Amino acid sequence: MRWVLEEKKHHVAEVDVILDTIVEHVMIVSMDFKILYANKALSGAVGLGSEDVIGKHCYEITHHRKTPCAPPKQLCPLTECKKGKPCTLTHTHYDKDGNEFYVEVTAMPWKEKGEIVGFAHMARVITERTRGELARAVAAREKAAIVDVTCDGLIVTDLDGNITSVNKAMEEYLAEAGVDVKKFVGESAHHLLKKYAELIKETIEKGNAGPLEAGNNTGRSDR
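Each number in my numbering corresponds to the 1-based position in the sequence shown with 20 added.
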């Protein structure tokens with residue numbers, strides 16, 4: 021963007037004011053990943069002055085890396101932009117002290133006479149949203165672990181009564197009876213409960229409480 025602004029110096033102050041008033045982190049980056057421009061939001065987020073940012077590689081400032089971002093950790097949006105189309109990715113950025121924050125990065129190729137000469141890089145902070153998503157994922161895993169360690173056979177459904185999962189106790193009990201519980205996932209719990217009731221009735225009629233106790237610890241062993 022510097023090369024464009026130099027041609028239109030009377031617009032420089034106006035452009036800087038506009039870019040410095042937005043909360044998104046804006047950078048203009050050259051083809052070799054060097055930062056040509058950075059607004060105040062970007063400098064403030066990484067805790068550096070503009071003089072410490074301009075001329076440095078973008079991956080040095082936002083990722084503390086010595087080389088451009090690459091899989092498997094994080095795909096580089098600028099590398100993707102070299103294909104000629106905008107790219108949006110979620111990245112983890114770092115301030116000068118190593119504190120991380122999550123951003124949604126949108127990068128767009130900057131073209132002159134139809135050729136890509138650089139990139140516009142804009143990042144929006146999504147730390148709270150991302151942490152919330154991570155917390156919900158952890159809670160879901162912990163809940164699943166608790167459900168699986170119980171001896172009782174449990175069926176988990178959504179608000180419409182459709183099965184979303186079945187714990188190991190229920191799965192093992194039904195498998196012993198020749199029922200593939202995976203076939204019931206996504207269907208109404210009524211169908212599986214009906215099958216479960218039939219198996220309990222059959223077990224009781226045979227006078228064999230073993231499988232019943234394996235699937236449901238409320239069964240009595242003195243029948």
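These are calculated hints, taken from the structure and not from any lab test. Here the structure is a predicted model, which means the values were calculated and not measured. Heads up, some of the hints might be wrong.
Pairwise CB distance ranges, derived in the manner of DEER restraints [stated by the list, open to error]:
id: 1; residue 1: R156; residue 2: K133; range: 45 to 51 Å
id: 2; residue 1: K215; residue 2: P88; range: 54 to 60 Å
id: 3; residue 1: T87; residue 2: T177; range: 46 to 52 Å
Keeping only pairs whose Cα atoms sit at most 27 Å apart, straight-line, the calculated BS3-like set for lysine-lysine is [as the list claims (entries may be wrong)]:
id: 4; residue 1: K133; residue 2: K86
id: 5; residue 1: K103; residue 2: K133
id: 6; residue 1: K105; residue 2: K221
id: 7; residue 1: K76; residue 2: K86
id: 8; residue 1: K116; residue 2: K133
id: 9; residue 1: K131; residue 2: K76
id: 10; residue 1: K60; residue 2: K116
id: 11; residue 1: K188; residue 2: K215
id: 12; residue 1: K188; residue 2: K214
id: 13; residue 1: K93; residue 2: K54
id: 14; residue 1: K188; residue 2: K103
id: 15; residue 1: K188; residue 2: K203
id: 16; residue 1: K202; residue 2: K188
id: 17; residue 1: K202; residue 2: K221
id: 18; residue 1: K102; residue 2: K76
id: 19; residue 1: K102; residue 2: K86
id: 20; residue 1: K131; residue 2: K103
id: 21; residue 1: K54; residue 2: K105
id: 22; residue 1: K116; residue 2: K131
id: 23; residue 1: K116; residue 2: K105
id: 24; residue 1: K116; residue 2: K93
id: 25; residue 1: K188; residue 2: K131
id: 26; residue 1: K93; residue 2: K105
id: 27; residue 1: K221; residue 2: K188
id: 28; residue 1: K76; residue 2: K54
id: 29; residue 1: K116; residue 2: K103
id: 30; residue 1: K215; residue 2: K226
id: 31; residue 1: K215; residue 2: K202
id: 32; residue 1: K133; residue 2: K93
Glycine included, every Cβ here is placed at the ideal spot set by N, Cα and C.
Original post:
What hint numbers does the structure not satisfy?
Top reply: 4, 6, 8, 14, 22, 23, 25, 29, 32
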